[in-house]
Amino acid sequence: MATPMLRQAPGRAPEPQKNGKVGGGLLDPKQLVISLPDALRKLNPTTLWRNPVMFIVEIGAVFTTVLAVTDPSIFAWAIVVWLWLTVVFANLAEAVAEGRGKAQAATLRAAKRDTTARRIEGWQAGQVAVSWDTVGAPELKQGDFVVVEAGEIIPGDGDVVEGIASVDESAITGESAPVIRESGGDRSAVTGGTKVLSDRIVVQITQKPGESFIDRMIALVEGANRQKTPNEIALNILLAALTIIFLVATATMQPLAIFSKAQNPGIPDSLALTGDGVTGIVLVSLLVCLIPTTIGALLSAIGIAGMDRLVQRNVLAMSGRAVEAAGDVSTLLLDKTGTITLGNRQASEFAPAPGVTAGELAAAAQLASLADETPEGRSIVVYAKQAYGLRVRQPGELAHAEWIAFTAQTRMSGVDVDGRQVRKGAATAVMKWVRDNGGRPTEEVGDLVDGISASGGTPLVVGEVLDGKARVLGVIHLKDVVKQGMRERFDEMRKMGIRTVMITGDNPLTAKAIADEAGVDDFLAEATPEDKLALIRKEQEGGRLVAMTGDGTNDAPALAQADVGVAMNTGTSAAKEAGNMVDLDSNPTKLIEIVEIGKQLLITRGALTTFSIANDIAKYFAIIPAMFAAVYPGLDTLNIMRLASPQSAILSAVIFNALVIIALIPLALRGVRYRPSSASKLLSRNLYVYGLGGIIVPFIGIKLIDLLIHFLPGMS
Amino acid sequence: MSPTFAGILFIGSLVVALVLTHRPVGDYMYRVYTSARHLAFERVIYRLIGVRADTEQRWSVYARSVLAFSAVSILFLYAFQRLQDKLFLSLGFDAVPSHIAWNTAVSFVTNTNWQAYSGESTMGHLVQMAGLAVQNFVSAAVGMSVAVALVRGFARKRTENLGNFWVDLVRGTVRILLPIAFIGAIVLVAGGLIQNLSGVHDVATLAGGTQHITGGPVASQEVIKELGNNGGGFYNANSAHPFENANSWTNWFEIFLILVLPFALPRTFGRMVGDKRQGYAIAAVMGILAFTSVAVLTGLEIAHNGTVPQAVGAAMEGKEVRFGVANSGTFAAATTLTSTGAVNSFHDSFTALGGMLTMFNMMLGEVAPGGVGAGLYGMLVLAVITVFVAGLMVGRTPEYLGKKIGAREIKLASMYFLTTPVLVLIGTALAMGSAEQRASMLNSGPHGLSEVLYAFTSASNNNGSAFAGITVNTPWYDTALGLCMAFGRFLPIVFVIALAGSLAKQAPVPASAGTLPTHRPQFVGMVVGVTIILVALTFLPALALGPLAEGIS
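Top line first, the protein sequences correspond to chains A and B.
For the working numbering, count along the first sequence from 1 and bump the result up by 34.
For the working numbering, count along the second sequence from 1 and bump the result up by 920.
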């Protein structure tokens, strides 16, 4: 038997806040500097060609460099420098976006240390005395059993098959509070790299070697195998088409320019136009200014940053496609418990029996619940305090009280104190208890109980025996409490055109009551996993995209079927496998945020595309008069910016074109501001900001740059 | 009446007439293309050409049918012209030279009707009637068929079927074009146009010379020339010839004929996709672009900037005194906004900026309202591109009429809008790069450049109008412009039908508050903006060295 080797976690890098996750999404100027080497490396044409727009700019930069070497001038070299900077800035945008993921990946790698595992050969359920051999974690295969004890690192992803333990999952989730993992049920999944804090568990490995959750996380946040998403591909096609158009427009201008120059033989050659046509430097400058460089430069950064924003919210998307699909979702399936309602029922009303005041009932109910540690019991104490101002007494204050605990047999709990017996519990149980003690519950109490049941609530009857006289004091109305702000969230969803469907195991009556209160559009009551799957299929038949959350193994088919399936990290491996996103915080409400991030991603792309194209108008007004006003002085009327000279006009346009990339990197990383509203309103707003703004901003920008640079030598 | 007031009255009455006919004509076409019944006469045709009229075609079959039909038409028309002297009613004209025959065959089959010849001195009556006039009908019907196929792509779901090209072709010809043309021809004859089979009359003129006046079936050809947006005149002077366009009100009627079908098709579209508001939105985009263009063009001509027009007091050079400035301006705008290309004045002689506007109209891709059918499908492709950018800005995968605009759709739409600008610009650059081709220009300087740019714009966009001035019946121009016409017509058609195929396969996404509404003024404004900006950005350098340089000196 090999000696179990306990490897203590080696000294880890001091944990920055939330494991080095970049907060807020703002751009630290330092990141630009850090990412610069990466940006320069990306100049390599064998990788750059994947971005056709910037690849064209690079070719242009090379071409102008050759021209500047053969025929040097300050103007030519200034253009060359700024063309190269345009490419570098574009690479920088991508490098910065990736850099943020890399920081994340580094901390994840720290979790993926050389762990060893104690593998048990042929483990049988219930087997106590086990023998193991120690192997390296990478040698573990699917289906192997390992034993992990307090202080050890779990060697791979798997399910707990025996035991219960508290596990520190902060390496993955950033959450320092330990979580409970136990065999059976929906909390059996453990992740490699996390640490067992107490007890001992046997884990069956479910991952293939090298495909652990952490491995996938690292690949995801690094964007190593980032696939272009469908909308990104479509947008790239449009950008390529625009690039071709402008390529043709600039190239075919040449014979026209030569002809025009030849028609006006008296006019001397300029830096822009000679007898051989427009000079190469100016032609390339025009081309670079016209092709959609702004969006071309930022497109991949936007995609990476979108994934990153999800990571910052502790959600891992297994593919960019899923993030995009989130923006398109038109039906949200939300589990009632934990998502729409707080997990537990809470006291919401005291309905006294005839002849009893509400205050008396509240006092008795509170007294009976003082020692009740269930969430329901606590909620009765709290409600009595809030609604009737009753002071919460500690059970210890009533030293001589005898607390009666709830049992499945009696189905009630309470207290015997100072000769008074108070009980609260299931209606039938308490009524029987009152009757047994000689009391006579009235009709009205029965009506109250039925009324509460009918409204979807749970009635708890309170009874007492005082001086040998038994009576029912009244009924406590327990109900599901809808989380605060849910109605507003659902209203927002409706505005965005998203239908919300509540899924619950409750009966239709209860379900309807809660659905009405929460303001969801529809509900599915007494839902089985099959019902859920059928509902998703039905919605998809109608052309809708469906998003849902789930954690249990029985959710797995529905998670797989849904277009966006968010598995809770606390859930089973099967659920995590089936979904296309994992929420490390296991917070089902996050689905709503995921949808917003998906939309924000698309909006950012659309807005910057619009901005990029709108920019071209001003650039034409700068460059066309600069090229041809010498030949046709009338064209100088187009120089509405009154730029100082043809050289400064062209250089200003090129500089503006490069600087706008840098200026928009923060926006690309952060995403365009998104407030849920109807499509029409969103479009209007974005059209004003990025369409109209895109037309106006470059006029101002180019003019300002011209004011600065026309002092440079060689600009007149 | 001042020219301005006359112009406003002329344009205003046209707008009223088009608004009044929009619904009934559009609804009628809707019934034509959706009805399940065949007329007895149509059944005879189907039996003759061996078509099973009740089977539907996939996009590839539909596209093949269009191409096959057009290829056969070109061959037939070419042979017809080459053999003219062997056939009767040739009026004694020789066989048409090969390069002109090729150019003319392509030109009429592509609905361009670019004429590198003078009709009255080249073509006999048989070629005019049985060759060219037939193409005037069927080439327009082809355009409508393709448009209807695209609309079916939007309207249908989960199907490969786009309808049957042969049925669409026959119905468009028999039920739409022929009846309207028949009535229209009678109206034109009443207005003073000629309709006979007489040959050349030699007439002694007052000045003592002789003039050859060719008679012929003019009215019947005139009406389809305008209605089908063809533009190929019986006479070289086209609609400026008194036998083709007698007076101011035949002029009004001809413009009305040009615009009536293209402006009614959006209604057909709205009905077919089951949402009339979508049709109104498309009609609104066309209307705004067209009205602006007509108003600006007429305004520029009335303002008559430029040295000579200022000196003589009006931009009357190249315009008929019968029509005056406003009527000529409106005709010029209408003919270039559609794919007609008929002219009642010389665009070459327009003020520089007015001439630029006629080019700009064509560069829009002739979508406002565009050629019969071609305008609608061109506009829908622009709507698809607009929806794509706008749709991203509302945070969803872009969708139009419930159909997702994904990579394949945007690829086809992009190739569509790439085709004509590339043809125009490369053609112009080749011509301007060669001294031999430059020699065809009548004028030097920017105006000469405009002549060449206009020729390639007109051919590639299948307009067919000429700036005049330029001599184009050389083998080089005939071949180059013929290629531009052929590619400019059939590449976009293939892309459009393929787009229709990929749209028809999709299941529609139900509309919700998160869907971009495509029937509101907001969207109309966006399509107008995208159309103008795309075109302006593409052609500004070329325009700057041509009409713009000339116009703002």
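One or more of the hints may lead you astray.
[To be verified] If the Cβ cut is set under 7 Å, some of the chain B residues that face chain A in the computed set are: (1) 991; (2) 1428; (3) 1432.
No lab work stands behind these hints, which were simulated from the structure alone.
All C-beta atoms, glycine included, are put in the ideal place defined by N, C-alpha and C.
Given residue 1428(B) as an interface hint, is its Cβ closer than 7 Å to any Cβ of chain A?
The hint holds - residue 1428(B) has a Cβ within 7 Å of chain A, the shortest such distance being about 6 Å.
Evaluation of the interface hint that places residue 991(B) against chain A, nearest CB under 7 Å
violated, 28 Å
Identify whether the interface hint at residue 1432(B) stands, where standing means a beta carbon of chain A within less than 7 Å of its own.
Hint holds; residue 1432(B) Cβ to chain A Cβ min 3 Å, cut 7 Å.
Of the hints listed earlier, the one the structure fails to meet is number 1.
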